Every structure is written in C-alpha cells, then in structure tokens.
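Protein chains in written order, with my numbering: chain A, 1 to 426; chain B, 427 to 674.
Hints listed in this document are in silico derivations from the structure and should not be mistaken for laboratory results. These numbers were taken from a predicted model, which means no experiment stands behind them. Some clues are possibly wrong.
Each computed BS3-like pair below joins lysine-lysine, with the alpha-carbon atoms no more than 25 Å apart [as the list claims (entries may be wrong)]: (1) B:LYS489 to B:LYS597; (2) B:LYS661 to A:LYS221; (3) B:LYS489 to A:LYS221; (4) B:LYS650 to B:LYS468; (5) B:LYS597 to A:LYS221; (6) A:LYS170 to A:LYS160; (7) B:LYS674 to B:LYS661; (8) B:LYS542 to B:LYS597.
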Amino acid sequence: MPSKTIAQNITTLVKSNRVIWYGFLLVLMLVGVYGLSMRVQTGLISTNLTSNVPWGAWVAFYIYFVGLSAGAFLLSSLIFVFGMEKYEKIGREALLAAILSMVLAMMFISLDLGRMEKFWHSLVYFNPFSVLSYEVRFYGLYVLILITELYLSMRQDLIKNAQRNDLKGKIAKICSLGSTDLSKQSEERDHKWLKILGSIGIPIAIFGVHGGTGALFAVVKAQHYWNSAIFPVIFVVSALVSGTALLITFYIIRQKVMGGQVDKTMVQSLAGLMIGFLIVDIGLQFYEYLISAYSLDHHALDTLAILFGGKFSLISFWLGQTFIGAVVPIFLYFKFRESVNALLIGAIMVVFGIVAVRFNIVVPPLLIPQLGGLTGGYYFPSSVEWMTSVGVIGFGLLLYSLSVSILPVDLSSPIEKIGGGVKDNG
Amino acid sequence: MVKENIKEKISRRDFFKSSSFGAKAWAAELLAEDEARPKETKWAMVIDLQKCIGCDTCTVSCKAENRTPPGVTYNVVLKEKVGTFPNVTKINTPRPCMQCDQPACKQVCPVKATYKMKNGIVAIDYNRCIGCRYCMVACPYGARYFDFGENYEQEMLGYNSYQTNEYGVEKGERKKKAPVGIVRKCHFCFHRLQRGEEPACVETCLGDARYIGDLNNPDSIVSKLVHSGRAVRLKENMATEPRVYYLK
Ligand code: SF4
Ligand code: SF4
Numbered sequence: 001m002p003s004k005t006i007a008q009n010i011t012t013l014v015k016s017n018r019v020i021w022y023g024f025l026l027v028l029m030l031v032g033v034y035g036l037s038m039r040v041q042t043g044l045i046s047t048n049l050t051s052n053v054p055w056g057a058w059v060a061f062y063i064y065f066v067g068l069s070a071g072a073f074l075l076s077s078l079i080f081v082f083g084m085e086k087y088e089k090i091g092r093e094a095l096l097a098a099i100l101s102m103v104l105a106m107m108f109i110s111l112d113l114g115r116m117e118k119f120w121h122s123l124v125y126f127n128p129f130s131v132l133s134y135e136v137r138f139y140g141l142y143v144l145i146l147i148t149e150l151y152l153s154m155r156q157d158l159i160k161n162a163q164r165n166d167l168k169g170k171i172a173k174i175c176s177l178g179s180t181d182l183s184k185q186s187e188e189r190d191h192k193w194l195k196i197l198g199s200i201g202i203p204i205a206i207f208g209v210h211g212g213t214g215a216l217f218a219v220v221k222a223q224h225y226w227n228s229a230i231f232p233v234i235f236v237v238s239a240l241v242s243g244t245a246l247l248i249t250f251y252i253i254r255q256k257v258m259g260g261q262v263d264k265t266m267v268q269s270l271a272g273l274m275i276g277f278l279i280v281d282i283g284l285q286f287y288e289y290l291i292s293a294y295s296l297d298h299h300a301l302d303t304l305a306i307l308f309g310g311k312f313s314l315i316s317f318w319l320g321q322t323f324i325g326a327v328v329p330i331f332l333y334f335k336f337r338e339s340v341n342a343l344l345i346g347a348i349m350v351v352f353g354i355v356a357v358r359f360n361i362v363v364p365p366l367l368i369p370q371l372g373g374l375t376g377g378y379y380f381p382s383s384v385e386w387m388t389s390v391g392v393i394g395f396g397l398l399l400y401s402l403s404v405s406i407l408p409v410d411l412s413s414p415i416e417k418i419g420g421g422v423k424d425n426g
Numbered sequence: 427m428v429k430e431n432i433k434e435k436i437s438r439r440d441f442f443k444s445s446s447f448g449a450k451a452w453a454a455e456l457l458a459e460d461e462a463r464p465k466e467t468k469w470a471m472v473i474d475l476q477k478c479i480g481c482d483t484c485t486v487s488c489k490a491e492n493r494t495p496p497g498v499t500y501n502v503v504l505k506e507k508v509g510t511f512p513n514v515t516k517i518n519t520p521r522p523c524m525q526c527d528q529p530a531c532k533q534v535c536p537v538k539a540t541y542k543m544k545n546g547i548v549a550i551d552y553n554r555c556i557g558c559r560y561c562m563v564a565c566p567y568g569a570r571y572f573d574f575g576e577n578y579e580q581e582m583l584g585y586n587s588y589q590t591n592e593y594g595v596e597k598g599e600r601k602k603k604a605p606v607g608i609v610r611k612c613h614f615c616f617h618r619l620q621r622g623e624e625p626a627c628v629e630t631c632l633g634d635a636r637y638i639g640d641l642n643n644p645d646s647i648v649s650k651l652v653h654s655g656r657a658v659r660l661k662e663n664m665a666t667e668p669r670v671y672y673l674k
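Work the whole structure out from these sequences, hints included.
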C-alpha cells in the first residue's frame, strides 16, 4: 500500500509540475511573440545594433545553438558509429537535441536578417567564394542526416508504439512512415545505416557545420581577433563542451521528473568528457589570446582590452565565461564527482557559460573602429533582442518537452552491439 | 605599368608561337581579338591630403546627392591629431568606399549581392541583398552602412517622397522596401558618372582635393597622379587593392 501512495504522489507531482512547466514556457513564448511583432513592425531599428556593431545577440545565439547541435551530434556518433554502449541511453536524445538546436539556430539567424523575407536568396544564389554560402547548404544536409538518423534509431520503437490507441500511438504511426518491419534483419539494417550516416555526418558536423561556422569568422581578415586558423578548432571543441553539458542536463532532469533511475556511472563519464573538452577549450583559447597579443596589432590588442577589461567584461568574461563557464564546473567535478546533483549544477553552469563565450566571440572585435577617426561602437542587446531570444529558447524547450513525451526517446531495450552482435544483457 | 602590359603580351605571344600544340592559328586569333578590344574605362579616385582642409563638404554633398538616411554616410572625413604637443598636426582623411579590386565585402557575400563591375566600381544589388551584414564586418575600411529605415522627415519635409536613382535605377518613394533593411555604401556616384558628371564629392570639394578618372588611360590625370610617387593607399596589407589613392 504505501508504495502505491508514493507512486501516486509522484504522478500528481509530475502532473502539477508539468502544468507549471508548460505555463512557464507559454509565458516565455508570449514574451517572444511580443518581441517578434516589434521586430517585424519596425525592422532592425528595434535592436541596439548599429553600422559600427552590425552583429550582436542574435548572431551570438545562432553560433551558440549551432555549437550545441554539433556537440550533441558528435556525442551521438560515439554511440552509433563507435559503438560506445555505455552512452546508449542518451543516443536518441542527443540526435533530438541536435535537430532542435539547429532549428533554433536557423530561427535566430532569420531574425537577424535585415530582409527576413529574402532568406531564400541564400539557397537560390550561390557565391562559390563565400564561406557562408557553403554553410547554408551544409546546414540543410546536416539536418537531413540528423532526421534520418533519429528516425532509424527509433523506427522499431515507433512501430511498437503505433499499436497503442492514444495520441502517442497515432503520432508514432505517422512518424514510422508506414514501416511495419519488426524483424531482426531490419533492425540490423537500421544499425548499419546509422553507422554509415553517422560516419558521413561526423566530417560534415566538424568541418562543415561547426568548424565552418568558426571559419565564417576566421576568414575575416579585417577582424584581427577572429583571423586565426585556431578559431574554427576552438569552435568545434567548445561545441563538444556545450553539447555534452546540454545532454547531461537534459538526461538528469528528465530522469528526475519522470522518476527514473539516473545512471550515475554514465553521468560521471559524460561529465568527465565535458570537463576534458572544457580544459582543452581553455587551452586553445589561451593560444588565441596569445596570438592576438603577440601580433601587437592595435585592433587585436584593443579587442583583448575590451574582452578583459571593457564595460561588460566583468559580467561576460569574468563572471560568465570564466567563473560560471569554467572554474565552478571544474571545481565541482573534481570535488563532488560522487554527487549527481553537483554534476548537474556543473553542467547547467557550462550550458550558460558557453552563451557568454559566444557573446565574447562576436561582440568585442566589432566595438573597435576599422580606421582611426571612425567612431567606436557600443553594444548591449535591446529589450526586443532579449525578448525574441527568450521566446525562441522557450519555443525550443517546448518542442523538446513535447518530443520527449511523445516520441520513444528512451530505449525500450538496449541497443545491440553494433554490427549485429549478440545481446549481452536484458 | 603600360610597358609592363606590353611585355606581358609579348611573352604570351612568344609562348603561343613556341607552343607545339598546333593551336597557333587559334592563339593568333585570340591575341588579335585581345588587342582590338577598346580598353574600358576603369574608375579610380585620387584624394590629395595636402589640399584637404577638413571642411566636410564632401560628406554633406554626398548626403544630399544620395539622400542617405540618418546613420548612413557613404563618405566621412576622418580627422586625427598626430604627434605630441607642441609638434602636432591634424590629418584629414576623406574615406569613401575604396572600390577595392579584391574586395573583402564581395568575397564574403553569400548571395553575390555585392559584385565588381567592369568599370571598377563595387556595386550592391539592392534587390538581392538579404541584409546579413557579413560584408560590413569584412570591410577593412568601415565603408559599409546598414539602412535601419530611419529618415529625415522631421527636419526635411518630403524626404521620403523621392530616392536617388543610385546605380542608375529609379527607386521612387522611400518605403519599407529595400534599400531599407540592407547594406549600402559609396558607389562613386555611378548614376552621375553615367550621365558624364563627376561624383558629388569631387565636384563640390572646396580644396579641389579630389580627382576622378580612368586608370586604364595612361594620360588621365588620375593615372599621372597615381604614378607620381606621392600616392599611397589605406591598409595596403589587407590585399584589398583599393582604387582610391591618397597623395601624401
Ligand atoms: S572599401 Fe570595403 S566596401 Fe568598399 S570595396 Fe573595399 S571592402 Fe568593399
Ligand atoms: S548584407 Fe547583403 S551585400 Fe552584405 S554580405 Fe549580406 S547579402 Fe551580401
């Protein structure tokens, strides 16, 4: 009897929490809709962007979400390509997070376009010398691969769910795309394709999607601070940091909400990966600063001065990027590795910290005028920029919450050894 | 420079002659065609910094000519104090778009909205530009401006009722359409050049510091000034090959 009441308690708790959660997301989205209406009505004048600082919060969030996506995808490839079964519990979630992050990234960059309605020009017209031109196409290809992979990884569970008579069943039926093959061979075929697609996806994610996004900045010779070959590498490494952190966060929170069992060994191992990537990331960033400083180029030096000592450096660099994004998570990992909660807090902090990292990439170099005598810039996102950003993120969380409650994101049975080996446990 | 060109051609001809691929006739035809073609005008600007008095007339006349909105100034005069007291001077550097021969802005544009015309001018296709502003961060001269859609209607009645026919294209009233929401920059007053007029800044310059002309014509004033030994360009290390020369 008592166990039943506990179970009931948990369900009511989850139910009321669910209402609060969706209500919260609704508020976020309403704020976003208001911001969006201002943005559409008045154009970019609603932002604090100027001709001196043409890129700001939306571009920062855009590269942030591209990074999350690439990071999450690369993590999923550990499972689907390299057969690391210890992470299999987050395989589908990683793919889902990668897809949704990409959706958000595209929403942010569309917000940022001066002429939103002409976004299709970027697909129709092609400049073979422009990195951005290739990027747009890589994004498309990448999302297609992600969706196919997610479908393949869930196909059998979708078919099983399709037998149910509720909404979940109906959606599963649609998502299974008419496939009814539950045979062993078909599962093996799925895994084979997952491996192939994952293998194609890895170079696309590294060099095309996120390295490419880094290259977008790195090729700009006029911005000395961005113009180094290490920049795309930093992008990829920090993508791994943020992607891993996001998945740890999602996984633990979801298990807690659903009353599931948190796989502590897996979380610890993921946290280890995250901290490892983070340390490499910091090292590479140090080189980036060193290259800038050694160049003695006044543009690069001024950028560093703004980064470390500018008006918002206390918040964005010292507090955001360094303290929240690096020092505390590293400390938590090495001191409280045994506590899942500590690891969760560390991961959440990293997720937020990388936002600051992205802002610190985009904004500081633009504040410095290109020629002596031109006016310098000043930038802090406007209320419309904040509101739309909050709205887009709220929308993303909504998509995520709906997806995980409707799609079979959790494994019904462990993935078999990739390549069709024998099932080794339950 | 002209001599160099001739040398280059001769060596090319020699190359074709000596080639044993049996393509001689074709090569000869190609060369003949090459020589027969009249050289196109390729615009360049020369600004004499010794003559510039920093009066900002160019900036103002450019604004009037192109009816640029607030925040968009195709031409500015950069004023810098150099040296320490008492040995100080002021350097005025007018800065239009450099119409670079290797434009960083054109390189990065994802939709080819920015392109180089045969006459040397770097143009923007207002209808194609999506307003991503990549070109703005790439231009080493800060020559590009985003049109946020502001206007001078408060100060100047009827500002919105007419737009300059930049690039020779009639634009009509200023509404919410492009060029609002896209990137704009100096184009050497291409619409005036088409009519046989000098750019507004050149025509109105008080100190007569600005020259416009054809750099393909060795006898033009700009060619002579460019080869006078006084000519420098801004940020040569950027490899953008600007078509605006400054006389020290
Ligand atoms: S000065 Fe700037 S905008 Fe003008 S052509 Fe050169 S790179 Fe492009
Ligand atoms: S703002 Fe326009 S001209 Fe500039 S890079 Fe983007 S599409 Fe090209």
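Verification of the hints:
Distance restraint check for LYS489 of chain B and LYS597 of chain B: the Cα-Cα separation of roughly 16 Å lies within the 25 Å cut-off, and the hinted pair is therefore satisfied. For the hint linking LYS661 of chain B to LYS221 of chain A, the alpha-carbon distance of about 12 Å falls within 25 Å, and the restraint holds. Proposed proximity of LYS489 of chain B and LYS221 of chain A is contradicted: the alpha carbons are some 30 Å apart, above 25 Å. Between the alpha carbons of LYS650 of chain B and LYS468 of chain B the distance comes to roughly 15 Å, so the proposed pair stays at or under 25 Å and holds.
Under the criterion of a C-alpha separation no larger than 25 Å, the hint pairing LYS597 of chain B with LYS221 of chain A is inconsistent with the structure, at around 34 Å. For a cut-off of 25 Å, the pair hint linking LYS170 of chain A to LYS160 of chain A stands: about 11 Å separates their Cα positions. For the suggested pair LYS674 of chain B and LYS661 of chain B, the alpha carbons sit about 14 Å apart, so the restraint of at most 25 Å is met. With a CA separation close to 21 Å, the supplied pair LYS542 of chain B and LYS597 of chain B stays within the 25 Å bound.
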